[in-house]
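With chain H fixed as given, assemble chain F onto it according to the hints.
Number of protein chains: 2
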Amino acid sequence: MIKAVIIGLGNVGTHLSRALQQSNQVEVIQYLNRSPISENELTSRIGLASLDKFTHDFDKIKEADMYFIAVKDDAIEEVIDSIPFQQKIVAHTSGSVALSENAKHQNAVFYPLQTFSKQREVNFSEIPICIEAASKKTLHVLESIANSISNKVFYIDSIQRKQLHLSAVFVCNFVNHLYHIGENLCTSKGIDPQILAPLIQETVAKIVDLSPQDAQTGPALRGDQQTMKAHLETLKDNTKLQELYQLISASIQEHGKKL
Amino acid sequence: MIKAVIIGLGNVGTHLSRALQQSNQVEVIQYLNRSPISENELTSRIGLASLDKFTHDFDKIKEADMYFIAVKDDAIEEVIDSIPFQQKIVAHTSGSVALSENAKHQNAVFYPLQTFSKQREVNFSEIPICIEAASKKTLHVLESIANSISNKVFYIDSIQRKQLHLSAVFVCNFVNHLYHIGENLCTSKGIDPQILAPLIQETVAKIVDLSPQDAQTGPALRGDQQTMKAHLETLKDNTKLQELYQLISASIQEHGKKL
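Chains H and F, in that order, give the protein sequences.
For the first sequence, the working numbering assigns the number 4 to the initial residue and increments by one for each residue that follows.
For the second sequence, the working numbering assigns the number 4 to the initial residue and increments by one for each residue that follows.
Here chain H stands alone, though its shape is the one from the complex (with noise of 0.2 Å):
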């Protein structure tokens, strides 16, 4: 069994330290959190029946075969580099962050593709998991962790990751924020938004069997100008949404040529 320290208890670190605790590849010796976390709060996000295996108090950080950084972009290298052994695997979790270059410990990435609350549970085996790691020995041991919690294991570097991670976005983030804005639409006009509930779900099945491309519908790919017009006109309040309308569907129309 690898020993492991989880650094960082926020959305990543909470979901991946309860993946973790049903691997037979690592036992997980300590969780460390910056701020403090009461045993209460403990207990329900990540089941833990008391404070010993926690601390907020990085000098008491403990030595381990590996550490898992779930820590803000901005702070991963100093959290690295506070590391107080040497030659460690130190992995950090990020899809927008390089893997690292610091000299003093086996450097790795282990990514999960999914968008995490706290309020969600999510089922770990099926998150893909993207590993990237500066030695073979080193991606063997993640690959055998990774293996032991997801059935979805990927080999990323660090430039397809960024990308990856550039992709999420647009297919997560951005996509959530359309809900948004067509939840709007309906409740300003009186119209229950659970109206749109399944074509929200027809609209993500149907990629399953058709691509993106073959399953676009609507007036910008028809070139229904009139339509289109009339959007605009009764988005007149809100330049900022119609500039949206307008740059999205352009980019539709586009869409054959080049994205």
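Derived from the structure by calculation, the hints contain no laboratory data.
Treat identical chains as interchangeable: a pair holds within one or across any two.
Under the rule of at most 30 Å between Cα atoms (straight-line distance), these lysine-lysine pairs were calculated in the DSSO-like manner:
id, residue 1, residue 2
1, LYS140, LYS192
2, LYS75, LYS63
3, LYS232, LYS243
4, LYS139, LYS192
5, LYS232, LYS121
6, LYS239, LYS75
7, LYS75, LYS232
8, LYS6, LYS75
9, LYS75, LYS192
10, LYS91, LYS75
11, LYS192, LYS155
12, LYS65, LYS107
13, LYS56, LYS75
14, LYS139, LYS65
15, LYS121, LYS65
The following block gives chain F in isolation, referenced to the frame of chain H:
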């Protein structure tokens, strides 16, 4: 049983035909499509074993109690006016066209809110049907038909329906386009776009439990300038995608204020 004719066998007309064939309130006595359709094609699209109930000749249109108009938006009024009988119930199926004011008929709207592709079966019982009519009597007829094929029937007037159609463009056509962009970003760096599937699924699943506003995550919401700058740098060869990225990110940041 209400005798009905369906005019137009595109995506909407095809799926509506299949649904109405299962209704205990309607007997479809004729299908009309301006361009001819072969017997084989009719069988595969709507299960007709022969051409007996089909015509592409408007002069052969039969007298019925009701006519469903599933033609292109800009042809709807012309088709309604061409029906050579008086005071029939005439319901168009468009999200963006107002209730007709044609004095010859009992005007109505029967709008199924869904994205239809000929290649995909849909479960009509889960599709919201938005009904509107010029008279209460007609509305009751539409109501009994809608309830016979769907569990989700809504009274939506022309102003609301126009807004609903606009919402649908955001949560369906525009969302699908973001899937397309995400896929292209992956393939351009040799990443299998299937890696995005669990994230796409979870993004949708989340808004069943959380509102889109509460479900939002990502660099724009966090105000993570460093990551956003890096993403824009990644998109430096595609100014249109850069513009889209900036506009949606700015809209996310404004989201609590006004949309």
